[in-house]
Amino acid sequence: MSTAFKNVIPALLLLTFLGLSLRCLLATAEDVVRIHTPDFPEYLSNVTNETTSATDYSEYFQIIKELFDLANSNVSFGELLTNPATREDLNELATLLNKSGDLENARRIEALRDYSSLSPQELLQSIDSDELKDLLQRYLESGLLNEEILKELNNMFLSGNISFEDYVKALYFLRETGGGELAMKADALLMSALLNSLADSTLKILSSANTDLLVSENSDISEALKSMIDFFSRESSASEGLANTLESFLRSMSRPTPSVPAMKFPRFSIDLPALTPSFSLEPLTVFLPLTLVLAGVLVYLITKQRKFAAVLTRLPVIRSHLLEDLNVKSEVIRIYWSSVELLKKRVPMFPNETHREYLDKVLKNISSMGESFKRITEAYEKVRWGAQEEKLFIDNVRRAYEDLMRGIR
Amino acid sequence: MSAVIEKSAEVLVEKENEVRLIIASILAEGHVLIEGVPGIAKTLTVKTIARLMNLDFKRIQMTPDLLPADVLGGYVYDTKQGTFVLKKGPIFTNVLLVDEINRGSPRTQSALLEAMQEKQVSIEGQSFSLDKPFIVLATQNPIEFEGVFPLPEAQLDRFLAKIDSTYTSTEGLKKILKEIDLIEENFNSLKPLLSKEDVLNAIKEVRRIRVDDAIYDYVVRLVEESRKHPAVRLGASPRAGIALVRLAKALAYIDSRRYVIPDDIKKVAKPVLSHRIIIKPEHEISGVTSDKVIEDILARVEVPKP
Chain P
1 MSTAFKNVIP ALLLLTFLGL SLRCLLATAE DVVRIHTPDF PEYLSNVTNE TTSATDYSEY
61 FQIIKELFDL ANSNVSFGEL LTNPATREDL NELATLLNKS GDLENARRIE ALRDYSSLSP
121 QELLQSIDSD ELKDLLQRYL ESGLLNEEIL KELNNMFLSG NISFEDYVKA LYFLRETGGG
181 ELAMKADALL MSALLNSLAD STLKILSSAN TDLLVSENSD ISEALKSMID FFSRESSASE
241 GLANTLESFL RSMSRPTPSV PAMKFPRFSI DLPALTPSFS LEPLTVFLPL TLVLAGVLVY
301 LITKQRKFAA VLTRLPVIRS HLLEDLNVKS EVIRIYWSSV ELLKKRVPMF PNETHREYLD
361 KVLKNISSMG ESFKRITEAY EKVRWGAQEE KLFIDNVRRA YEDLMRGIR
Chain E
410 MSAVIEKSAE VLVEKENEVR LIIASILAEG HVLIEGVPGI AKTLTVKTIA RLMNLDFKRI
470 QMTPDLLPAD VLGGYVYDTK QGTFVLKKGP IFTNVLLVDE INRGSPRTQS ALLEAMQEKQ
530 VSIEGQSFSL DKPFIVLATQ NPIEFEGVFP LPEAQLDRFL AKIDSTYTST EGLKKILKEI
590 DLIEENFNSL KPLLSKEDVL NAIKEVRRIR VDDAIYDYVV RLVEESRKHP AVRLGASPRA
650 GIALVRLAKA LAYIDSRRYV IPDDIKKVAK PVLSHRIIIK PEHEISGVTS DKVIEDILAR
710 VEVPKP
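Protein chains in written order, with the numbering used here: chain P, 1 to 409; chain E, 410 to 715.
Hints were generated in silico from the structure; no laboratory data involved.
None of these values were measured; they are calculated from a predicted model.
Every residue, glycine too, gets a C-beta built ideally from N, C-alpha and C.
Certain hints may be false.
Part of the chain P face toward chain E, derived, beta carbon under 8 Å [said to hold, decoys possible]:
(1) 125
(2) 333
(3) 337
(4) 344
(5) 347
(6) 348
(7) 351
(8) 352
(9) 353
(10) 381
(11) 385
(12) 387
Restricting the straight-line Cα-Cα distance to at most 16 Å, the calculated cross-link-like pairs of lysine to aspartate or glutamate (EDC-like) are [to be verified]:
(13) E/456 <-> E/479
(14) E/714 <-> E/626
(15) P/344 <-> P/357
(16) E/714 <-> P/341
(17) E/676 <-> P/353
(18) E/497 <-> E/562
(19) E/714 <-> P/357
(20) E/541 <-> E/438
(21) P/185 <-> P/230
(22) P/391 <-> P/378
(23) P/382 <-> E/672
(24) P/99 <-> P/114
(25) E/541 <-> E/465
(26) P/65 <-> P/104
(27) E/467 <-> E/509
(28) P/65 <-> P/247
(29) P/382 <-> E/621
(30) E/679 <-> E/509
(31) E/679 <-> E/705
(32) E/689 <-> E/588
(33) P/382 <-> E/664
(34) E/676 <-> E/705
(35) P/361 <-> E/672
(36) E/714 <-> P/148
(37) E/676 <-> P/89
Using the sequences and the accompanying hints, generate a full structural model.
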């Protein structure tokens with residue numbers, strides 16, 4: 001085979017490979033277009049709730065329904081906690097909320113669950129707020145524990161002066177030490193704290209989740225919402241807003257949703273040529289294995305077949321704009337500067353540096369390729385500055401250049 | 410030449426670069442100014458090289474009362490013959506070591522430097538050619554200011570190169586202290602490795618060393634840049650350019666090359682240019698030295714490519 005023919009085959013293979021790679025890219029782009037709703041912003045297609053699945057909702061809302069049903073049947077918070085099944089539900093809820101990323105409500109439920117086991121003394125000692133401690137101590141020492149303290153406690157919590165944990169500890173403390181009506185009211189406040197946290201977490205889930213999915217796959221959700229609405233609508237006037245919000249969620253879930261999203265951004269329309277090519281495109285599944293096979297063949301040719309490698313290794317020589325500018329005839333000198341062009345990315349060459357100074361730098365920084373570059377540099381010096389005949393060195397220089405290219409790859 | 414450098418290492422500690430430059434100067438037929446404090450083996454270096462190269466060696470200790478005739482020689486009356494006979498001075502040699510050249514009077518310095526340039530001397534109106542090769546290795550102490558006559562710029566330009574001889578490293582000094590007896594023995598037992606003819610042939614070979622046109626361009630750019638430098642009062646002369654090429658050729662020969670590479674020019678830039686470049690006083694006060702200026706010039710001027 002002539003040299004020209006030998007060079008054409010690998011070049012054609014390379015072109016085929018590049019063409020197929022481009023085709024794969026186009027096919028991917030086309031697929032993206034197909035799955036999209038027309039005019040809908042593409043980035044929204046990637047928005048999915050990764051942490052909460054339909055199954056999670058189902059379990060969550062079942063527990064919510066149970067808890068609110070208990071609350072609606074006037075079960076006290078103390079009774080709720082003493083029930084092992086309910087405690088298990090709270091554990092499960094905390095786990096689910098942790099998984100869904102609602103860490104705040106998970107922490108609140110854990111606090112409500114865990115502090116019940118502490119003694120009044122432990123509760124008092126573990127309160128972080130000195131102001132709250134003083135308040136409780138004062139009431140305790142005066143023996144005048146009454147509902148006023150609950151008002152003060154609520155004010156402190158609502159104004160953000162104390163944490164939720166301190167609030168719960170104080171309520172537990174009052175429930176244990178207050179007795180009578182105060183204990184009952186503290187218990188009711190603990191129940192409210194729990195149910196408010198659950199309502200908050202539910203609203204978060206409903207706001208972020210795909211309501212279509214919720215309604216179609218979980219009737220438990222609407223049942224849970226109904227139970228929550230019942231509770232909050234009769235709880236107090238302050239809870240009415242919450243009940244209304246939940247009700248609007250329930251209504252939107254029962255109404256059929258439009259298949260095409262109403263959200264449509266106004267935009268300037270320019271008639272650009274379609275991305276999809278006019279000819280029919282085979283599926284990606286056909287091209288991907290073919291591309292992989294061709295890539296394998298290409299890698300084999302590059303690594304094993306020296307002649308093919310030589311074709312590729314000469315490409316940078318042809319490409320080098322430096323050499324076009326210099327108009328150098330000697331191949332040894334061309335190869336030297338091509339090598340420098342390649343190595344410059346790793347070891348920069350400054351204009352005031354000589355070839356020997358640069359060689360020292362290369363040997364110091366990339367010793368693996370140093371030997372090949374040294375051979376090229378030595379030949380370059382003799383040809384360039386010593387005006388020696390390049391035919392004495394050219395074979396050695398070509399081999400060294402091939403080695404260098406292999407090293408770089 | 411590499412054998413001379415290797416052998417000299419038996420006597421001289423950490424002096425390889427100086428030896429290389431001195432040998433290169435001999436091959437380039439140029440004179441060398443060695444600047445350094447006393448006691449750093451300047452004389453020993455020169456003696457060792459002269460002995461290894463089988464060259465005639467003489468030494469002059471310059472003093473203010475030394476007359477030109479003490480250097481060049483003169484006619485003295487021979488009572489036996491009843492006529493005036495020529496008594497040649499120490500300048501009639503191959504390697505002349507002029508110790509503390511800046512202690513000599515300007516008149517004597519001038520006579521010496523003229524002989525260095527012309528390679529011949531005139532005594533009583535009669536011209537005498539100096540032997541070949543002829544090289545003057547002059548030393549001067551850089552820290553002396555009293556009782557000295559600093560060489561004028563024009564005369565400094567006559568020296569092909571200036572070598573800054575420095576102290577040895579700590580390890581080098583320790584080696585000298587431990588092996589001084591052996592060093593002295595080695596020096597006394599030194600045998601010539603070359604003949605005078607070998608040296609003369611080498612000088613001829615050096616002249617034939619190839620210098621690419623791009624190297625000449627590089628030297629021209631360096632010389633011109635030295636004149637444009639903002640800190641320089643007096644830049645390099647054309648003689649400096651010639652010296653750069655000659656010394657670079659000699660270095661290439663010592664390295665067993667038949668051609669000069671840009672590295673050779675860079676290596677000889679400081680020895681050739683440092684005593685020729687005069688810094689402006691305002692920059693000199695702020696610490697700018699000719700060596701720093703040369704480094705700056707070498708960093709600015711692009712090395713010939715491709």
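To see whether the hints hold, each was checked on the structure:
1. 125: Violated, because the Cβ-Cβ distance from residue 125 of chain P to chain E comes to roughly 70 Å (cut-off 8 Å).
2. 333: At about 6 Å, which falls below the 8 Å cut-off, the nearest Cβ of chain E leaves the hint on residue 333 of chain P intact, so it holds.
3. 337: This hint holds: residue 337 of chain P lies near chain E, its Cβ roughly 6 Å from the closest one there, short of 8 Å.
4. 344: violated (13 Å)
5. 347: violated (16 Å)
6. 348: violated (14 Å)
7. 351: Check passed: Cβ of residue 351 of chain P comes within 4 Å of chain E, closer than 8 Å.
8. 352: holds (5 Å)
9. 353: holds (6 Å)
10. 381: holds (6 Å)
11. 385: holds (5 Å)
12. 387: This hint holds: residue 387 of chain P lies near chain E, its Cβ roughly 6 Å from the closest one there, short of 8 Å.
13. E/456 <-> E/479: This hinted pair is violated, its Cα atoms lying about 21 Å apart.
14. E/714 <-> E/626: Distance of about 11 Å is within 16 Å: holds.
15. P/344 <-> P/357: holds (13 Å)
16. E/714 <-> P/341: holds (13 Å)
17. E/676 <-> P/353: holds (13 Å)
18. E/497 <-> E/562: violated (29 Å)
19. E/714 <-> P/357: holds (14 Å)
20. E/541 <-> E/438: Given pair residue 541 of chain E, residue 438 of chain E holds - Cα atoms ~9 Å apart, limit 16 Å.
21. P/185 <-> P/230: Distance ~21 Å between residue 185 of chain P and residue 230 of chain P Cα, so the pair is violated.
22. P/391 <-> P/378: holds (14 Å)
23. P/382 <-> E/672: holds (14 Å)
24. P/99 <-> P/114: violated (19 Å)
25. E/541 <-> E/465: holds (10 Å)
26. P/65 <-> P/104: At roughly 21 Å apart (the allowed maximum being 16 Å), residue 104 of chain P and residue 65 of chain P break the hint.
27. E/467 <-> E/509: Judged against 16 Å, a Cα distance of about 14 Å means the pair holds.
28. P/65 <-> P/247: Status holds; Cα separation ~15 Å.
29. P/382 <-> E/621: With Cα atoms ~12 Å apart, residue 382 of chain P and residue 621 of chain E stay inside 16 Å; holds.
30. E/679 <-> E/509: Between residue 679 of chain E and residue 509 of chain E the Cα gap is close to 22 Å, so the pair fails against 16 Å, i.e. violated.
31. E/679 <-> E/705: At roughly 11 Å apart (the allowed maximum being 16 Å), residue 705 of chain E and residue 679 of chain E satisfy the hint.
32. E/689 <-> E/588: Distance ~45 Å between residue 689 of chain E and residue 588 of chain E Cα, so the pair is violated.
33. P/382 <-> E/664: Between residue 382 of chain P and residue 664 of chain E the Cα gap is close to 14 Å, so the pair holds against 16 Å.
34. E/676 <-> E/705: holds (14 Å)
35. P/361 <-> E/672: Holds. Residue 361 of chain P to residue 672 of chain E sits at ~14 Å (cutoff 16 Å).
36. E/714 <-> P/148: Violated, at roughly 93 Å.
37. E/676 <-> P/89: violated (85 Å)
The structure does not agree with the numbered hints 1, 4, 5, 6, 13, 18, 21, 24, 26, 30, 32, 36, 37 stated previously, though it agrees with the rest.
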